[in-house]
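Peer 1: Spelled out, the chains give:
Protein chains: 2
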Amino acid sequence: MPLPQPELPEPAHPEIDSMLSRKFGKEVANYFSGSPLNRVSFLRPDHAFLSLALKHPSASFVLFNKLEPLLASPSELFLAKFSDVQPILGDDPFATSEEELIAQYNSTSYIPQLVFLGLDEKKEGFQYKEHYKGQPYFALDVTPKLSVTEAAEKLIKDVEGRGLTFSKGRVHMSLAAQEAAIYAEARHLLDWNSRNPFCGQCGHPTMSVNAGFKRTCPPKDSAPAFASSDRPACATRTGISNLSFPRTDPTVIMAVVSADGKRILLGRNKRWPPHWMSTLAGFLEPAESVEEAVRREVWEESGIHLGRVVIHSTQPWPYPANLMIGAIGQAIPGGETVHLGHDAELEDAKWFEAEEVREALRVGTSGLGEDAGPEYKEGGLRLPPKTAIAHQLISAVVNGGFLSGAPMI
Amino acid sequence: MPLPQPELPEPAHPEIDSMLSRKFGKEVANYFSGSPLNRVSFLRPDHAFLSLALKHPSASFVLFNKLEPLLASPSELFLAKFSDVQPILGDDPFATSEEELIAQYNSTSYIPQLVFLGLDEKKEGFQYKEHYKGQPYFALDVTPKLSVTEAAEKLIKDVEGRGLTFSKGRVHMSLAAQEAAIYAEARHLLDWNSRNPFCGQCGHPTMSVNAGFKRTCPPKDSAPAFASSDRPACATRTGISNLSFPRTDPTVIMAVVSADGKRILLGRNKRWPPHWMSTLAGFLEPAESVEEAVRREVWEESGIHLGRVVIHSTQPWPYPANLMIGAIGQAIPGGETVHLGHDAELEDAKWFEAEEVREALRVGTSGLGEDAGPEYKEGGLRLPPKTAIAHQLISAVVNGGFLSGAPMI
Numbered sequence: 001m002p003l004p005q006p007e008l009p010e011p012a013h014p015e016i017d018s019m020l021s022r023k024f025g026k027e028v029a030n031y032f033s034g035s036p037l038n039r040v041s042f043l044r045p046d047h048a049f050l051s052l053a054l055k056h057p058s059a060s061f062v063l064f065n066k067l068e069p070l071l072a073s074p075s076e077l078f079l080a081k082f083s084d085v086q087p088i089l090g091d092d093p094f095a096t097s098e099e100e101l102i103a104q105y106n107s108t109s110y111i112p113q114l115v116f117l118g119l120d121e122k123k124e125g126f127q128y129k130e131h132y133k134g135q136p137y138f139a140l141d142v143t144p145k146l147s148v149t150e151a152a153e154k155l156i157k158d159v160e161g162r163g164l165t166f167s168k169g170r171v172h173m174s175l176a177a178q179e180a181a182i183y184a185e186a187r188h189l190l191d192w193n194s195r196n197p198f199c200g201q202c203g204h205p206t207m208s209v210n211a212g213f214k215r216t217c218p219p220k221d222s223a224p225a226f227a228s229s230d231r232p233a234c235a236t237r238t239g240i241s242n243l244s245f246p247r248t249d250p251t252v253i254m255a256v257v258s259a260d261g262k263r264i265l266l267g268r269n270k271r272w273p274p275h276w277m278s279t280l281a282g283f284l285e286p287a288e289s290v291e292e293a294v295r296r297e298v299w300e301e302s303g304i305h306l307g308r309v310v311i312h313s314t315q316p317w318p319y320p321a322n323l324m325i326g327a328i329g330q331a332i333p334g335g336e337t338v339h340l341g342h343d344a345e346l347e348d349a350k351w352f353e354a355e356e357v358r359e360a361l362r363v364g365t366s367g368l369g370e371d372a373g374p375e376y377k378e379g380g381l382r383l384p385p386k387t388a389i390a391h392q393l394i395s396a397v398v399n400g401g402f403l404s405g406a407p408m409i
Numbered sequence: 001m002p003l004p005q006p007e008l009p010e011p012a013h014p015e016i017d018s019m020l021s022r023k024f025g026k027e028v029a030n031y032f033s034g035s036p037l038n039r040v041s042f043l044r045p046d047h048a049f050l051s052l053a054l055k056h057p058s059a060s061f062v063l064f065n066k067l068e069p070l071l072a073s074p075s076e077l078f079l080a081k082f083s084d085v086q087p088i089l090g091d092d093p094f095a096t097s098e099e100e101l102i103a104q105y106n107s108t109s110y111i112p113q114l115v116f117l118g119l120d121e122k123k124e125g126f127q128y129k130e131h132y133k134g135q136p137y138f139a140l141d142v143t144p145k146l147s148v149t150e151a152a153e154k155l156i157k158d159v160e161g162r163g164l165t166f167s168k169g170r171v172h173m174s175l176a177a178q179e180a181a182i183y184a185e186a187r188h189l190l191d192w193n194s195r196n197p198f199c200g201q202c203g204h205p206t207m208s209v210n211a212g213f214k215r216t217c218p219p220k221d222s223a224p225a226f227a228s229s230d231r232p233a234c235a236t237r238t239g240i241s242n243l244s245f246p247r248t249d250p251t252v253i254m255a256v257v258s259a260d261g262k263r264i265l266l267g268r269n270k271r272w273p274p275h276w277m278s279t280l281a282g283f284l285e286p287a288e289s290v291e292e293a294v295r296r297e298v299w300e301e302s303g304i305h306l307g308r309v310v311i312h313s314t315q316p317w318p319y320p321a322n323l324m325i326g327a328i329g330q331a332i333p334g335g336e337t338v339h340l341g342h343d344a345e346l347e348d349a350k351w352f353e354a355e356e357v358r359e360a361l362r363v364g365t366s367g368l369g370e371d372a373g374p375e376y377k378e379g380g381l382r383l384p385p386k387t388a389i390a391h392q393l394i395s396a397v398v399n400g401g402f403l404s405g406a407p408m409i
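These protein sequences, in sequence, are chains A and B.
Its first residue numbered 1, the first sequence is counted upward by one per residue in full-length UniProt numbering.
Its first residue numbered 1, the second sequence is counted upward by one per residue in full-length UniProt numbering.
There could be a bad hint or two in this list.
No more than 35 Å apart at the CA atoms, straight line, and that leaves these computed lysine-lysine pairs for DSBU-like [claimed, not checked]: (1) A:K220 x B:K350; (2) B:K350 x A:K122; (3) A:K220 x B:K270.
Some chain B residues well away from chain A (every beta-carbon gap over 10 Å; in silico) [to be verified]: (4) R195; (5) N196; (6) F213; (7) G329.
Quick partial rundown of chain B residues pointing at chain A, CB under 10 Å, derived from the structure [as the list claims (entries may be wrong)]: (8) A12; (9) Y183; (10) D191.
Don't read these hints as lab results, they were simulated from the structure.
Model, not experiment: these values are computed from the prediction.
We put the beta carbon where it would ideally sit given N, CA and C, even for glycine.
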């Protein structure tokens, strides 16, 4: 049986009849976007704020064990309280300023990764200064490790005793839209921190600052082996280096329309189930515009030459750190011959008539590991679920809804 | 006097009257995009291909000294020949396979960074297999350093003796459009390699592979101090890690239109010349869609609440590694009050009538360090040059050209 497909996030302010929405149609909000949290990013270095937020009774902690989130149900994250995590976090990790913590840095101390995710302003919570209020959300890595092994094992045993589970599997598409967006932010930040314990510039250990949104290369290390000398100079300490900030990898994903506007190109990977096809996709390269990356990837994977490219919508994809930029491109006349031999990533790529694709959107969509719906007939085209931006792009072309609202083909 | 502003790149296939271009208007191609090179990315691990390309008489080398490019004129890159760079590169850095080079890795050997940029298919050059031909382009770091100090100093003295210069200054906007795109690719890759000599995951030195487009963490190091033992396990060696591939940081930049559609918001940084204003901009954060990042940044920097956001076009920005994603957003009714106190990045942000902005686009655009044009009257609004995506966004709103072609306000 197909799993129920969660609803997509609401577009921001769908009720507003603005000039832009009249002209370009309703904004498409994709799964993993639509977060209810205000990140108040400029407050992240403010330990007075973070300390108050952390200890406020409304503070909520999303827990991860080896990047697996603790769920209250398939559609909901479990939210722990400060008292639950105090044995792991200590009384107040924000009691001293960031400068002091950097000055005291000791590479042999293990500090479990904590991330401030934002304030849910629609919920009752705490107030900070005039403008900032709501329920504070944090993410915490409770993987049993080094000095927190015992406290983390106790917490895990306790929550598992209450029937809760850390959700296995890599991709979580069963969460409700707003929960999925909170999970995506938490997972992306925890993963980035865990991949970068060392400085790419100088090779020394780095430390997490700015409530999980920055890593710094401290000038001194008070671990006994290093305490007598300063560390070598590092370029990330002078000026601003992008290596200090979280990495997000832009990828392009595109629906391709034929030159005569009557067909759409779909491709398939050999690992996919039979008859399952989707849009093409790939990583944007250094110094490419999105439009150029779309044309390059389509040519490399399918041999097709594109002209005009239009950007449709975007989707955060926290596996581990992607931004999917969805586009629609049209083949140039004479550039429609499929050739799979350049990059050889796809097992097949073919042109489909709009009617066949419309029918597949109606009866043949599902996640990769799931069965198609009850109306699906064996041998028919299968397509990704609506939580995938690929589905939205295909739908925008054959069913309309993007910009004018009328189908393109 | 204002410097001449170079022409923008041609949109791909402007002559084609496709359904997408009829519906959405002409594609906006921004400066640093529009590369004439086919990157044939799938050939980068193929040392037989790279070796032939490198030694072909048409092979062209863009040279950099500490990330500064060697220019033939303010609008043109100088292209060196293989014989010029052979004393630095050796007879053939691609003579052995990538696997062998990784197996022989020695962290004490200095190998000057070489990047294969692509084939210019419009120029006479060499042919590889059935589909790949053109003039091969490479970028090479000729900074005098370690084992190549002498050879690099000799080359630099030689080219400077011919009246050529490595161009100082951080941002190069005088290059002709296609030269700028080639430079951007080269600079982005050389910078990324130079920032990542160590592995962020395990702290050990990494080596450049895939013709400059990947860094790998070798399992052994044959340097005398390490030759007797394998290096510790590293997660980047098992499975695919994004840390092995070049980093590109997505940023959002946006023209903001008032709720009544009659005004446009512009902001200024205190470091800019008097009366100079531009669009707002900022980095996209982990697990944000572009549309959400636009709304967050506009609120954080100006206090304004946006509803509908439309993506306009994109621009590579190789300082050091950005992808600028240009958008247009509209304020919601009641959400237009400017408040600079949240993030406090801007010195000012104000609403402008369309007519004043149209006049400034006509008489008051220039690069940041340049004078405005001869028709500019002191005290009038100044705006960025057309090589900046900010200019294109402002122009799309007040002069039209985006999608329908009609001005929005």
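Peer 1: Decide, hint by hint, whether the structure agrees.
Peer 2: Comparing the hints with the structure gives:
At most 35 Å may separate the alpha-carbon atoms for a hinted pair to count; K220 (chain A) and K350 (chain B) exceed this at roughly 44 Å. Taken as a hint, the K350 (chain B) and K122 (chain A) pair is honoured in the structure, with Cα atoms around 29 Å apart against an allowance of 35 Å. Between K220 (chain A) and K270 (chain B) the CA atoms are separated by roughly 34 Å; this keeps the pair inside 35 Å, and the hint holds. For R195 (chain B), the requirement that its beta carbon stay farther than 10 Å from each beta carbon of chain A is not met, with the minimum near 6 Å.
With a closest Cβ-Cβ approach of about 4 Å to chain A, N196 (chain B) is found to fall inside the 10 Å limit, against its non-interface label. Annotated as non-interface, F213 (chain B) brings its C-beta within 10 Å of a C-beta of chain A; the closest such distance is 8 Å. Chain A draws G329 (chain B) into its interface by the beta-carbon criterion, the shortest separation being 7 Å against a cut-off of 10 Å. A hinted interface residue such as A12 (chain B) counts as satisfied when its beta carbon comes closer than 10 Å to some beta carbon of chain A; here the least separation is about 6 Å, so the hint holds.
For Y183 (chain B), the interface hint holds, the least distance from its beta-carbon to any beta-carbon of chain A being 9 Å, beneath 10 Å. The interface hint given for D191 (chain B) is met, as the beta carbon of that residue sits about 9 Å from the closest beta carbon of chain A, less than 10 Å.
In summary, the numbered hints that this structure violates are 1, 4, 5, 6 and 7.
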